[in-house]
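Visitor: Sequence:
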Amino acid sequence: MVTFSQLLNAQPGKLKDSADAWDKWSAAVNDHANRLVAAHDKVSTKWDGAASEQARTLVADAHLQASASSKSLSQVKTVLNSAFTTFSQAHNDLITASDQAVNVGFSVTGEGQITDPDNVIGRAPGDQRAQLSQTKTNIQNSIDKAVRTATAADGQVAAALRSVMPGGGPRSANGGGDTELADFSPGGGSPGGGGSGGGLPMPPDALNNAPNPRARAVLAYAFAQRGDPYVFGAAGPNTFDCSGLTLKAYEAIGVHLPHSAALQWAQGPRIPDGQEQPGDLVFFTEGTSTVQHVGIVQDPVKGTMIVAPHTGSYVQIQSYKNFPGGYLGFTRPGMP
Numbered sequence: 002m003v004t005f006s007q008l009l010n011a012q013p014g015k016l017k018d019s020a021d022a023w024d025k026w027s028a029a030v031n032d033h034a035n036r037l038v039a040a041h042d043k044v045s046t047k048w049d050g051a052a053s054e055q056a057r058t059l060v061a062d063a064h065l066q067a068s069a070s071s072k073s074l075s076q077v078k079t080v081l082n083s084a085f086t087t088f089s090q091a092h093n094d095l096i097t098a099s100d101q102a103v104n105v106g107f108s109v110t111g112e113g114q115i116t117d118p119d120n121v122i123g124r125a126p127g128d129q130r131a132q133l134s135q136t137k138t139n140i141q142n143s144i145d146k147a148v149r150t151a152t153a154a155d156g157q158v159a160a161a162l163r164s165v166m167p168g169g170g171p172r173s174a175n176g177g178g179d180t181e182l183a184d185f186s187p188g189g190g191s192p193g194g195g196g197s198g199g200g201l202p203m204p205p206d207a208l209n210n211a212p213n214p215r216a217r218a219v220l221a222y223a224f225a226q227r228g229d230p231y232v233f234g235a236a237g238p239n240t241f242d243c244s245g246l247t248l249k250a251y252e253a254i255g256v257h258l259p260h261s262a263a264l265q266w267a268q269g270p271r272i273p274d275g276q277e278q279p280g281d282l283v284f285f286t287e288g289t290s291t292v293q294h295v296g297i298v299q300d301p302v303k304g305t306m307i308v309a310p311h312t313g314s315y316v317q318i319q320s321y322k323n324f325p326g327g328y329l330g331f332t333r334p335g336m337p
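Going by our numbering, the sequence shown opens with residue 2, and the numbers climb by one from there.
Among the clues, some could well be false.
What the hints assert, rightly or not - Cβ pair distances, simulated, as ranges: (1) Val302 to Asn93: 41 to 51 Å; (2) Lys322 to Leu264: 23 to 33 Å; (3) Asn209 to Asn120: 50 to 60 Å; (4) His257 to Ala225: 17 to 27 Å; (5) Gly288 to Ser134: 42 to 52 Å; (6) Gln135 to Asn213: 32 to 42 Å; (7) Asp100 to Ala221: 34 to 44 Å; (8) Ala267 to Asn213: 21 to 31 Å.
Note that these hints are calculated values from the structure, not bench results. Just so you know, even glycine gets a beta-carbon here, dropped at the ideal spot from N, CA and C.
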């Protein structure tokens, strides 16, 4: 189930990224199917005898399976694109409703419940109380509807993905029987406990380059989460988004960061390019005018980081020097 907090902090554009990834996978499988057709034709014209017949049968079967897989993957792309539209609208509706509640004088809890801690309704003139009470109900209904809509889209995508993923797909993000939308994307890697979750291999001396115990503790926390799924708005214990991972890693040394890559960048302090150290934060704009993404520097020489990349992936080691669009810069919060 999608929670109020997850939807409020969602980045629907990540769903579009996943849809594009599935589309590319579908195209690749379709290309493979076409190559199998060519191979089948060549075997049919060049070979004779029992071996030829067996080879033709095997290649023909493989072509049929690849073609069917390509169609299924294309259907996943369509569902993900639909979910992108649904999540974007639900996300915007949630923000609008929350702003309306605050403007009236109400509060919104982390679970999405409208409260009246300042007794706005009780202090209002008698002829306005009923109207304020109805306003509170209407805003609550809008929030509940947005969460229900997002949850329904989550379930539709999960069902579509289970139909094409081996064994019914990866583990659920919430550890139960439901499967979160954000858990799925081609190439995400295996989420098995303690696994790498894709990305670069973890070197045996990964912590040796840390310049001090605090940086080592930040990296140790982040490394322990490798293989945990990315879920937007999550900050542990078993799922993370990019700023949620950095937040919790620094929390391990008593440094409190906001749950936002942009706000973490603004908090600083900035480190000049080329002077980054293991444990520093590295930031990315992803081709936009604002900070969109953050990771933790692992090895400045090799240009690697530990990061929760995007919807459908898992906490893993990646290159920040080869990151598409390049990196913006570095910060070193709370370090000597």
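Visitor: Each hint needs a verdict: does it hold in this structure or not?
Guide: For each hint, the structure was consulted:
1. For the pair Val302 and Asn93, the supplied restraint of 41 to 51 Å holds, since their beta-carbon distance comes to about 43 Å.
2. Against the hinted window of 23 to 33 Å, the Cβ-Cβ separation of Lys322 and Leu264 comes to about 24 Å, which satisfies the hint.
3. Distance hint check: the CB atoms of Asn209 and Asn120 are about 58 Å apart, consistent with the given range 50 to 60 Å.
4. Between His257 and Ala225 the beta carbons are some 20 Å apart, a value that agrees with the proposed interval 17 to 27 Å.
5. Hint check: Gly288 to Ser134, Cβ distance near 46 Å, so the stated range 42 to 52 Å holds.
6. Look at Gln135 against Asn213: about 58 Å separates their beta carbons, and that is not inside 32 to 42 Å.
7. The given range of 34 to 44 Å is respected by Asp100 and Ala221, whose C-beta atoms sit roughly 40 Å from each other.
8. For the hinted restraint 21 to 31 Å between Ala267 and Asn213, the CB-CB distance of approximately 24 Å keeps it satisfied.
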